[in-house]
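All chains, please: the whole structure from these sequences, using the hints.
2 protein chains.
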Amino acid sequence: MPVNYRTPSALDLYPVDGVRLGVAEAGIRKADRRDLTLLSLAAGCRVAGVFTANRFCAAPVQVCRRHLELGNDVRALVINTGVANAGTGEHGWQAAVETCAAVSQLLGIDDRQVLPFSTGVILEPLPVDRLFAGLPRCVADLRADNWHAAAHAIMTTDTVAKAASRRIEIDGRWVTITGISKGAGMIRPNMATMLGFVATDAGVATPLLQELLVQAADASFNCITVDGDTSTNDSFILIATGQAGVEFADSAAPGYQEFSQAVFAVAMELAQAIIRDGEGASKFITIAVEGGRDHQECKCVGYAIAHSPLVKTAFFASDPNLGRILAAIGYARIDALDVDRVSVWLSSAGTEILVAEGGGRAASYREEDGAAIMQQAEIGVRVSLGRGQARATVYTCDLSYDYVKINADYRS
Amino acid sequence: MPVNYRTPSALDLYPVDGVRLGVAEAGIRKADRRDLTLLSLAAGCRVAGVFTANRFCAAPVQVCRRHLELGNDVRALVINTGVANAGTGEHGWQAAVETCAAVSQLLGIDDRQVLPFSTGVILEPLPVDRLFAGLPRCVADLRADNWHAAAHAIMTTDTVAKAASRRIEIDGRWVTITGISKGAGMIRPNMATMLGFVATDAGVATPLLQELLVQAADASFNCITVDGDTSTNDSFILIATGQAGVEFADSAAPGYQEFSQAVFAVAMELAQAIIRDGEGASKFITIAVEGGRDHQECKCVGYAIAHSPLVKTAFFASDPNLGRILAAIGYARIDALDVDRVSVWLSSAGTEILVAEGGGRAASYREEDGAAIMQQAEIGVRVSLGRGQARATVYTCDLSYDYVKINADYRS
Chain V
0 MPVNYRTPSA LDLYPVDGVR LGVAEAGIRK ADRRDLTLLS LAAGCRVAGV
50 FTANRFCAAP VQVCRRHLEL GNDVRALVIN TGVANAGTGE HGWQAAVETC
100 AAVSQLLGID DRQVLPFSTG VILEPLPVDR LFAGLPRCVA DLRADNWHAA
150 AHAIMTTDTV AKAASRRIEI DGRWVTITGI SKGAGMIRPN MATMLGFVAT
200 DAGVATPLLQ ELLVQAADAS FNCITVDGDT STNDSFILIA TGQAGVEFAD
250 SAAPGYQEFS QAVFAVAMEL AQAIIRDGEG ASKFITIAVE GGRDHQECKC
300 VGYAIAHSPL VKTAFFASDP NLGRILAAIG YARIDALDVD RVSVWLSSAG
350 TEILVAEGGG RAASYREEDG AAIMQQAEIG VRVSLGRGQA RATVYTCDLS
400 YDYVKINADY RS
Chain C
0 MPVNYRTPSA LDLYPVDGVR LGVAEAGIRK ADRRDLTLLS LAAGCRVAGV
50 FTANRFCAAP VQVCRRHLEL GNDVRALVIN TGVANAGTGE HGWQAAVETC
100 AAVSQLLGID DRQVLPFSTG VILEPLPVDR LFAGLPRCVA DLRADNWHAA
150 AHAIMTTDTV AKAASRRIEI DGRWVTITGI SKGAGMIRPN MATMLGFVAT
200 DAGVATPLLQ ELLVQAADAS FNCITVDGDT STNDSFILIA TGQAGVEFAD
250 SAAPGYQEFS QAVFAVAMEL AQAIIRDGEG ASKFITIAVE GGRDHQECKC
300 VGYAIAHSPL VKTAFFASDP NLGRILAAIG YARIDALDVD RVSVWLSSAG
350 TEILVAEGGG RAASYREEDG AAIMQQAEIG VRVSLGRGQA RATVYTCDLS
400 YDYVKINADY RS
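Each protein sequence line maps, in turn, to chains V and C.
Per numbering that gives the first Met the number 0: the first sequence = residues 0 to 411.
Per numbering that gives the first Met the number 0: the second sequence = residues 0 to 411.
Quick caveat, the hints were computed from the structure, so don't treat them as lab data.
Heads up, the beta-carbon is just placed ideally off N, CA and C, and yes, glycines get one too.
Check the hints yourself; a few may be wrong.
[Unchecked claim] Examples of chain C residues lying across from chain V (beta carbon under 7 Å, computed):
{"#": "1", "residue": "Asn53"}
{"#": "2", "residue": "Phe55"}
{"#": "3", "residue": "Gly88"}
{"#": "4", "residue": "Ile121"}
{"#": "5", "residue": "Asp226"}
{"#": "6", "residue": "Thr229"}
{"#": "7", "residue": "Thr231"}
{"#": "8", "residue": "Thr312"}
{"#": "9", "residue": "Leu325"}
{"#": "10", "residue": "Ala326"}
{"#": "11", "residue": "Gly329"}
{"#": "12", "residue": "Gly357"}
{"#": "13", "residue": "Asn406"}
[Claimed, not checked] Label-pair ranges, simulated between beta-carbon atoms:
{"#": "14", "chain 1": "V", "residue 1": "Glu377", "chain 2": "C", "residue 2": "Ser8", "range": "46 to 56 Å"}
{"#": "15", "chain 1": "V", "residue 1": "Ala248", "chain 2": "C", "residue 2": "Arg365", "range": "52 to 62 Å"}
{"#": "16", "chain 1": "C", "residue 1": "Gly357", "chain 2": "V", "residue 2": "Gly254", "range": "45 to 55 Å"}
Structure, rendered in structure tokens:
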């Protein structure tokens, strides 16, 4: 059960002119589940992508990078679940290339105009025959109002589909931004997320689109972690179809600030949905670190807290065993950190209490206040390092029996 | 239940001339358990210590460092469990200083000749009155053959006491090395371990003793991890009483190599015992990384695998979902790692199988062979990075329901 998250209804997901989506049950790993998704893009779309920093990056990620280098007239995205096509060597590369060829034949486009994505089990071969057999059904299903089905068809261990949509008015014209994401475990995106696809009908010049994508990823997907495991298949794609009649040539263009904020909001909603549906999650935890010398050290402290199995199990148990947070701050390898200047607060639903200051427990702290906050489903941890002006926020969830259950059972 | 580990019997733990130990039930946090330990050292002992790198290091760690700086005529060590006296600020420092004063009065020595150690819950005040009340009972219990009781009295979430002992003959004289350790969670020592105390009746010159201690820690306690959480209280102490009539002035002294190997063996046995008794552990996993450019990058890869919750849950489930190991290698941030040169083997009980090479699954790999090894309680993972001669080994355990249970319940 995700923490305070519900998939938007199909009607709440605005179609994006220039993007059609189709899904199918291809039986890639399991029967009776939609596991293949095709996005067909109109001519003239611009596409930007960021991908995993994992050295064992999946074959489709390598093919995506190559195809985006070859030109930016992408016309199709194909996404399978069940098998990640990662750790599959030369055969994996071939399978991804052949998948693009199969899509290009069906749509009458060039191979390099197709971007492939896979998610699922690593180290197993992609069953290309079943994938190829499913593609015509995806093509037959292509519709502009099919985002809801696509959000479901890219799920793996997700318990809910993740989607977000915004419409804003710029200069008298409506601009739409709609996106979907998936992911629940092996989540500690670095450069990008598990899988995220966002499209807008605004026109955005290519260098600006890439800049916007990186900024949006840094402010959303790159701030979340479930288990610290950076996936082999992380990909985050931003598509600008240009069909709304609004064009942004550079970041000074009228309405761009408002537009970019809407893109950030969609990206953040999709990223937080992944944490709310984190494997076994019962709590959504926001860790805000401030007073650091630079952004990087704030992020280090945030991730040290977010990755600590002891902190995560304390949240699961609703136990204010908050010394574990101090221990995590202490081992985050922050150079010359003066613990006497560190303060820690805990908050929920507008109530914030000081837990620690001056190297120890705050005199005003009362165990029952900490216990009351730890019972909540949405908890904030605020840390001040007391040595600068930088800040960073990390989003995470707790570590429960169900995380172990899900990951002990995932393949079997 | 620890993985293939049984506490040595009291008779198997050789007394070390010059060291007497006494324990008591002081009721520091829970009733009816031995939670206070005193080691009384004869005059003339030399003592070396390494301590946690956690910035929120505990008050007793700070006092230990200070007392060791003031001189090396340590005469007593006092250890309490239940409360870590970490994250306790100025009051915590006072409590540790007063503890030393109480011990020194009872033994007729100087305050600075006492080293204090605490382990337990962080952020809670040390109940010094109860500790002081227990000290005379520790003094009354002082005996040279009391290592077994001391190993029990320093336990927290440990399910078994940890101790190791060796006798070697050097130049016609018997030299004894006996040690105890504790720890099961918040284990990722950095500079030292949770708590480890090793004593020998050999004489070792002070600079050499410190060098030996650091080498022994690096080869043992600094290679283990349960959950990646570096504790606030890690301490590893080596005591040389000099009463065996064997003296090592420097590392070229006759018999020193043999002696240092015996110290390493005791330290390794104590360190591995912590992993075998890791919280919720059902498997003992040895991760050997070779073919790296330097020791550090091999260690990074080893810890990335050892800390991955996905790898750890796969071991718990006996599921050869070995792509998770590749993913962990891939995100270990090894500069310019060529995954096509990486090989991974799995082994148990003398059988080793090649799992991955050339960036993907090995052609010879059969799932049933992987599954058979994953069923075992002792598993080896060997990784070759294929780019150098360096190597490192990391020891860890799996992640089970019981880890979550133990840490969700620990304080409550």
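Quiz item: Does C/Gly329 pass the interface check with chain V, least Cβ-Cβ distance below 7 Å?
Solution: 3 Å, holds
Exercise. Look at the Cβ atoms of C/Gly357 and V/Gly254 and judge whether their distance stays inside 45 to 55 Å.
Key: 51 Å, holds
Quiz item: Holds or violated: is there a CB of chain V closer than 7 Å to the CB of C/Asn53?
Solution: 4 Å, holds
Quiz item: Against chain V, with CB atoms and a cut of 7 Å, does the hint on C/Gly357 hold up?
Solution: Interface hint status for C/Gly357: holds (5 Å vs cutoff 7 Å).
Practice problem: Would you settle whether the hint for C/Gly88 is holds or violated, based on the nearest Cβ-Cβ distance to chain V being less than 7 Å? | Solution: 3 Å, holds
Self-check item: Cut-off 7 Å, beta-carbon criterion: hint that C/Asp226 touches chain V
Solution: 4 Å, holds
Exercise. Go through the hint on C/Thr312 and say holds or violated, using the shortest Cβ distance to chain V against 7 Å.
Key: 4 Å, holds
Quiz item: Can we keep the C/Ile121 interface hint, with Cβ of chain V closer than 7 Å?
Solution: Given a least distance of 2 Å, the restraint on C/Ile121 holds.
Self-check item: chain V contact restraint on C/Asn406 - CB to CB distance below 7 Å
Solution: At about 4 Å, which falls below the 7 Å cut-off, the nearest Cβ of chain V leaves the hint on C/Asn406 intact, so it holds.
Exercise. For V/Ala248 and C/Arg365, compare the CB-CB distance with the range 52 to 62 Å and indicate the outcome.
Key: 57 Å, holds
Quiz item: Does the nearest C-beta of chain V fall within a distance shorter than 7 Å of the C-beta of C/Leu325?
Solution: Result: holds, 4 Å to nearest chain V Cβ.
Quiz item: Can the suggested window of 46 to 56 Å be confirmed for the beta-carbon pair V/Glu377 and C/Ser8?
Solution: 52 Å, holds
Comparing the model with each earlier hint shows no violations; every hint is respected.
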